[in-house]
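**Q** These are the residues of each chain, in order.
There are 2 protein chains.
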Amino acid sequence: MVSVGATNGISTPMRILDLLRAEKQISRVEIAARSGVTQATVTNVVKTLMDAGVVREGTREQLSRGAPRRMLELVPAAWYAIGVQIDSTTTTVVIADYAGIRVASASLRGPGSLSPAAAIAELVDHVDDLLLSASIPRERILGACLVTYGPQDREAGKLLTPQPTDEWYGFPLATSLSEALGLPVLLENDATAAAIGEQAIGLVPTSTFGLLFMSTGVGGAVVVDGVPYRGRSSNAVEIDHVVVNPGGAVCLCGTRGCVGAEAQPLAVSALAFERPGLAARLDLRGTDDEGLADFERLARAARGGDAEATELLAASADYLGLAVVTMFNLFDIDTLVLTGPAFRTAGPMYRTRIEELVRERAAGRDLSQPQILISADVEQAAPMGGALQVLRTIPPPTPPSG
Amino acid sequence: MVSVGATNGISTPMRILDLLRAEKQISRVEIAARSGVTQATVTNVVKTLMDAGVVREGTREQLSRGAPRRMLELVPAAWYAIGVQIDSTTTTVVIADYAGIRVASASLRGPGSLSPAAAIAELVDHVDDLLLSASIPRERILGACLVTYGPQDREAGKLLTPQPTDEWYGFPLATSLSEALGLPVLLENDATAAAIGEQAIGLVPTSTFGLLFMSTGVGGAVVVDGVPYRGRSSNAVEIDHVVVNPGGAVCLCGTRGCVGAEAQPLAVSALAFERPGLAARLDLRGTDDEGLADFERLARAARGGDAEATELLAASADYLGLAVVTMFNLFDIDTLVLTGPAFRTAGPMYRTRIEELVRERAAGRDLSQPQILISADVEQAAPMGGALQVLRTIPPPTPPSG
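Those protein sequence lines, which keep their order, are chains H and P. The numbers in our numbering rise by one with no breaks, and the one at position 108 of the first sequence is 108. The numbers in our numbering rise by one with no breaks, and the one at position 130 of the second sequence is 130.
Next up, chain H with everything else stripped away, as it sits in the complex:
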């Protein structure tokens, strides 16, 4: 069968809304040229979207030959979307308006080892608080996206991993959150969401790139020509299971020496806590719930010149670098973005060491020089990507006709 490509299944109105979100202001003529849709269809669809209150004519006009053309733009306050990124230690909630601009955000403690039902109840409280404090009317919310680690059954809205507790495996997360919020809820992989967020932030200089998302754990994503690589079941780029130390620590997956088990912040913090001098000096807490906070303490100490903290982070960065070389070799990419809350302070050090390794070892280094970038928004690229995914996939309700 002949593939009809990446736009298959995306309706013309949603494609036009995407274009308006990316371009901010654009004329009907340019929409037709960019979307490959006839001008008559564009005129009709735009009229429907204006009737639905999501598109309006802007103040600017396009300067060109012939009659000036009124530019179109999205109505930012028409609808809103919620992005929620969670792992055991971190919850970040953002609200984006219909133009895809963040209007509110909150960073909170993660659910720790709460049951999924209790975690969802807590999430709903966080979302309610944020909506209230930002004065966003509840009936204007299109939906929410729960952004978290994998493996996931994305369609069914479930995790396929017993983290943080056995109860989470297969629990209907999306359905439960949807019922509790009274809104449609999508489930999305954290690294993939971060990649969607990074594209919208617009600082990545290429439309084909890889991404590491690091919070307590580490995940990967790859974007090719602007489209996230999803594979068979949207569980692609499980970089945490690349083996970098065959005789090493046993990973949840059953293998020894996966880069996740060796180098993720939770593992680095645990190693640090085993050194009494270091643990006391940096006031490390040594619990899973404090894993990311302890990692941040280590990163600050390393930045301040602490040799022991530096040594631990360097070992983690070097292991990650080996996994990134594999990612570059398998996906044929030359650019990687580091994002996620673990890179808040540790970003520059990881960037330097990973870049050194890929420049030395990636098979494609002769074709183009590998480069590693740090996200402009390590804390919120992932939940922002989730909110954008809601805007891009849930159509705005049409007004009652007549």
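In short, the hints are calculated from the structure, not lab data. This structure is a prediction, so every number in the text was calculated from the model and none was measured. Among the hints, a few may not be true.
Since the list can't tell identical chains apart, any single copy or any two copies may satisfy a pair.
Once the Cα atoms are required to be at most 25 Å apart in a straight line, the calculated DMTMM-like pairs of lysine to aspartate or glutamate come out as [as the list claims (entries may be wrong)]:
| id | residue 1 | residue 2 |
| --- | --- | --- |
| 1 | LYS158 | GLU360 |
| 2 | LYS24 | ASP318 |
| 3 | LYS24 | GLU290 |
| 4 | LYS47 | GLU139 |
| 5 | LYS158 | ASP366 |
| 6 | LYS24 | GLU155 |
| 7 | LYS24 | ASP225 |
| 8 | LYS47 | GLU355 |
| 9 | LYS47 | ASP18 |
Fit chain P to the given chain H structure using the hints.
**A** The following block gives chain P in isolation, referenced to the frame of chain H:
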């Protein structure tokens, strides 16, 4: 920018020819339905293709409501394409007719450590011999595809690796072969070509799968929804550089313990030759030129119960299995095809051991059971994929008008 998807850049006539090649016989109505092109356009394009002598009305009629519809088919003898797969020890030449059916093939010694110019002169002789013996008129050849290892600059038709000798790095292979044959010549990665060939053979039960191509070395490919994953520069899935033994042998890429350096047939044969008893017993030759033949001797001995040969192949299969787990985890696939001449005899043993490892370790094993398949044509899937790539990308010349 909104992506216009995988069909971007493929003209309507080439898309219709692809459909005819895949379906053997198909009506105009069905072409319109399958290609998303209007019936009027299909009628016009089909007329042009019939005038060019590449499409004809078949004998079968479509039985359906209304008037019976004449089925269309390709004219097999309209044009031919050449696929040539080389590595140092093997040269395989195939000729496919315009319907994509193999009409002639030859397996020959590879160029060894000849200079690229001498290797090309030898290739041209092989191609001439095959054309002559199969009585295929030279003026009916559309073009040729040179299928070999990477990394490559595919656009420029050059290898970016000093194999088998330094002279090969950057040598204009495609241009030189094109001049010598008097035909357009494409360059293609061997594993990617094999994946295209496997799809045409039609035994892979899914349109999303991975592939290992093993000759003297080992390469990888991934197909997603029927389209080969190419990455940034068509050098994707360099699986030979997945590190499986960090303290191990130094690879050409500079890293230690790459799966290529540890487990490819050339490495297995070299290890075997270091064991005097085994080398004498199996009459191993111990030279690079005989690397694949020695590997075949080992595979036959292992099949016959030789414990030492079995041990060496098992170690290689287990290393490859680790790299395949990484491939499954990063690309989110559940199916892998083993192809290439090294799997002639060793295929079943590698299949069993690799399958055992991925079923035990792949992160997505709970979502669907991983399976490893052996190609129905380990010897020729790669050069056949090359010939198909010529048919699919080089338009048939149009007859002079009037």
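**Q** For a quick check of understanding: which of the numbered hints are violated here, in increasing order?
**A** 2, 3, 6 and 8
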